[in-house]
Structure formats: C-alpha cells, structure tokens
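K.L.:
From first to last, the protein sequence lines stand for chains X and F.
Position 112, counted from 1, in the first sequence is what the numbering used here calls 172; the numbers after and before it change by one each time, with no gaps.
Position 65, counted from 1, in the second sequence is what the numbering used here calls 125; the numbers after and before it change by one each time, with no gaps.
Calculated directly from the structure, the hints in this document are not laboratory data.
Everything hinted at is true.
If chains are identical, the list can't say which one is meant, so a pair holds when it fits in one copy or spans any two.
Capping the alpha-carbon separation at 25 Å, the derived lysine to any residue pairs in SDA-like fashion look like this:
| # | residue 1 | residue 2 |
| --- | --- | --- |
| 1 | LYS226 | ILE259 |
| 2 | LYS226 | THR186 |
| 3 | LYS202 | ARG315 |
| 4 | LYS104 | CYS251 |
| 5 | LYS267 | ARG342 |
| 6 | LYS84 | SER121 |
Keep in mind the model is a prediction, meaning the values are calculated, not measured.
Number of protein chains: 2
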Amino acid sequence: MIAERNSAASSIGANKTKRTAKVKVVTTIREMEIVIERWRGNRKKIGFVPTMGAFHEGHLSLIREARKTCDRVVASIFVNPLQFGPQEDQEAYPRDLKRDTRLAAQEKVDVLFVPAAKEMYPPDFTAQVKVGDQYIRTLCGKNRPEHFAGVTTVVTKLLNIIRPHKTFLGQKDYQQVLIIQRMVVDLNVGCEIVVLPTIRENDGLAKSSRNSYLSEEERRAAPAIYQALKLAEGMLQVGERNPKDMLEAVTKRLRTESLMDVEYVAAKNAYTLEDVNILAGRILVAIAVRLGKARLIDNIMVDVPSGS
Amino acid sequence: MIAERNSAASSIGANKTKRTAKVKVVTTIREMEIVIERWRGNRKKIGFVPTMGAFHEGHLSLIREARKTCDRVVASIFVNPLQFGPQEDQEAYPRDLKRDTRLAAQEKVDVLFVPAAKEMYPPDFTAQVKVGDQYIRTLCGKNRPEHFAGVTTVVTKLLNIIRPHKTFLGQKDYQQVLIIQRMVVDLNVGCEIVVLPTIRENDGLAKSSRNSYLSEEERRAAPAIYQALKLAEGMLQVGERNPKDMLEAVTKRLRTESLMDVEYVAAKNAYTLEDVNILAGRILVAIAVRLGKARLIDNIMVDVPSGS
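Go ahead and model the full structure; you've got the sequences and the hints to work with.
P.N.:
Structure below.
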C-alpha cells in the first residue's frame, strides 16, 4: 500500500513556503522493492537514512546530506523489536508519524518506508546477522547480548530491500556505526556508509529522541555528559596518556550531578573497540548514563599523537 | 585479475565440437563486482551456481538450467573453510580447477568465480549469518554446530557480490537448500532459489564429489543408500505411517552392507525439519553414512496423503 501524504509546509511555523510538500509513505516490503527496482532501472543513486522515527535535527542532518548527494532518498522508520531487551523502552519509545511525515516532506525525502513489525518478522522468522563479540559485547552491548545482533539483522534486511548506494548514520551511535561498517565490509554488502557528526543542543547535549523522557531537572543535569567528554578531550590535549586517570576524572565530573547514574565511561581504540593501556592513536571516549527514565549515550573521537 | 582461459572442447572425449570454448575466470571480488555492475546496468538476468568445484553431472545440470533461463551465468568455486569442522576433509576435498574450467567453458558459463580464501576472510573478518537452531542443529548439523552458519555466511557474501536473479541448488543437499531458502526469505535477499533433482549413477548412487574417495569395494556397497531410501518410499506408498517402524527397516537395509557406518536415518517434516509422530504430509527421508573415508548423504521427498 502506498499512500500519498500532503502536508502544508506552512503549518510548521517558522519555515513558511508556498509549496505543498509531499512524501510517499510506503508500508509494505513489496511496494518498496517495486519502487527501488524502478529507480535502479533508471540508474538513480539511492541514499538511505534508517531511523526509529521521532525525528530531531540529527536525523534531519542525515536526510539533508542524502538529499544533497543522491538522486533518490529513502528514510525508514522502524522501531526494531529485535534490538530492545525485555526490560527496555520499546513500548515507550517516542512515536509521531504525522510529525515525521511532515518533516520528511519538508526535507524532500522521496519515500518514507514504514514497514510493519509483523511483515519484517513473521512467525517463522529465525535469521540472525552479527559481527564478532569484540564489537558487540562491550560498551552498549555489554549487558545486552542480543542488542547489536538485532541491529545488524534489521539493517541487513533494510539494505537488501532498499539496496542503497549510500547509507547515512550519525556518530552519536558510534558503536552501532562501527558494527554496521564491519558487517557491510565482511559480508560484501556493497553500500557506502556515510557518518555525520553528532548534532547537539546549545548546551552540548547530544540530540536524541530519548531526551523527551527527561524532566526539567534531569534536562538541566544532562549537559554534564558532554562537559565530561570535553574534559577528557582537554586532558588528552594537555598530554594525559593514562586511561585510568582520565576515566576517573571523567566519572567524577559526571557524578557532580547527583541525578546521573553512570553506566559506563570508557576509552577505547576507535577501530577495534579494544581497551588501551596508553592513550594513543585514535581514541573513542564514550559515556552511557541513566538519567531518570532515559538512557543517554554520547562520545567523542580524539586523535592522540603516538609520539607525544 | 581476469584471465581468459581457452580449452579445446574436443579434448573432453565424447563431446566433440569444432568450437574453442572459453570461460572468463575471475579471482578477485572487485573484478567480479565490476562485471556484475556492467551486466546489471545492461539489464541482464543473472543466474548463479555456487559450488565447491570438482564438477560432476549434478553441477552441470544446475549450470545447464541457469544457461537455459538466464542471460548471464556465473558459477563459483570456493571450498569454504567456515563450513568444515576441524576433523573434516577440507584439505583432502577434491580440487581440479583445470578440468572444472574446461567443463564450465563447454557449458557456456560466462564467468567462473574462484575467490581466494584470504580475500573472502581477511584476518579481521568476524561476521556471521545464520538461521534458527531448529534448521541447523539437526541432521547434518547435529554434531557440527558451525557447519550451516558457515554455509549461510559464505552464501550471503556470494549473493551480495554476484547479485543474481536466480540461484541454482541441488536437492541432494536438501537441508542446505532449505536453510538457504530460509535465509533468503528472512533477510529479504531478493533472489529466486531454483532447486533441481539429485543426479544419480545408473545404480542409484547420488553423484557427489566425495564419491571419488570410495574404494572399489566401498563403491559396490554405496548404492544401498538409495535402495534404503526407495524402501522407505515403498513403505510409505503401501501405507506405513509409523516413523519408528520405517526408520528401523531403512537402517536394517543399510546395515546389510557391513562397510557402511550409519550416521543418521531420519524422517522429518520437509518444511520445518521437525520430527513427525505420524508419517503424513510432505516427508523428507534423509540418510548420512560413512563409507571408508567418505561421508555420503542422500534424501528423498515423499508426499504422503494425510487421510490415507
């Protein structure tokens, strides 16, 4: 089923245009495949932005880059049950398809692909795609053994359906990006992965659909995450090479906010996600915290000269 | 690297033609992708026959069907290390690239794809594709937990590289066929799987590259496998509905050959590979034996009317 949605761009407040923006919403795999077959036959370069919806500026920055560099743009919205654990926020995850459709239209997305969970995972579905435990059993995967296998499985399905030339991902989910890149290389998927910088609020908080869970008080505490990352960056810049000392300082900074429950603070080799004994080379500094009902993550990458 | 191989078709005995048959041999993934990109751009229907080489009439029947129904035919030869256990015959597996190249040329294969293991699995390779344990931990996977994950992983890679419209597989490896079908459906691979009947010697022995391991005496014993399957078929046709009784009779028939070491004899639901309490519906009867150095498998499918 393909539905044409009309939405007056003028209804989005500040952004007043006279044009009526439209986006095609496709809800079945078969219809999506037919659209792709036609585009591929006409040699269109296809850009793909996979999302779980609840669009914010991070998503829109990915869509804009796809729009700029590809002939056709597909954004998908799918809250993937495989990547949520039994205690996690799948049911509560923010959904606003009407608003997302309007924003997609405004950004000139060609197709918004919104498949149903029961078509993506029929009762006899059993397949799984994953990469090695060194990538998926650390950081955000440490206590969620199935999480990243759920991510690579759904991304494999989406890439097979949409067959994009380029897929656009945000650095905020760095581990996810690295895992998808590994999967694409290992399995010869033949799709370029384009990674774009984390989009932040003015006070540094990384944009995330889950920020909507925060109370006012929690929201005031949240920028400490980015401040802690900047502290790490500063320490690396002035010569800190001991990961233990740096991580202790970062953790201490986070704990100045009493509402913040620190899940992990880590410094890793950015290519392999291995622990490092000395802070040198490309270092990923990554944080996950719980703040009220929200689990928030953020990271920065710092290139540390090996010789210094 | 692409090498054009010439081989005089007249050198293959009975099949005398005046034409000099040629087949392009491609050994790198990048070159293969370039060829496929060109064919896809020209809207050619691509047929694919994945093999481990040592071609016999079974392989040739798959190639001929691909040739008949597709514009372009790729056969791959890759003895996939992921699907061999540590105690298995990977090193001994018969290889004869020169003969395979000659036969591929004769059958008008367009490209023989012969990738190197070190390019298929570089040192940092970790990805894995698999389907549910109910398909991979039974029959030929029972004591080889990694075997079928190795199969689906390599087939995923090959399908991503070759992007065929149709892939041709032989029913002799029925469990493998079912698992690949499940994987293709579950992951939306968008490739048709065409299954062709088992090709047999005059005495009923299923053609297999591993038959070359058999001594003369073992070769004389080997047809008992098919005879045991025909016994099962006959019992089903005359109304046997008790799997235990049938499997005992089949096992007894196999054991009349003292050289034969029975690994399993099984009757399963042909779609789910589940055990059945009553022989009804589409039944897979499958056998695996060891005969000297060879591990041989065979199967038949019988449609048993539920009401009878």
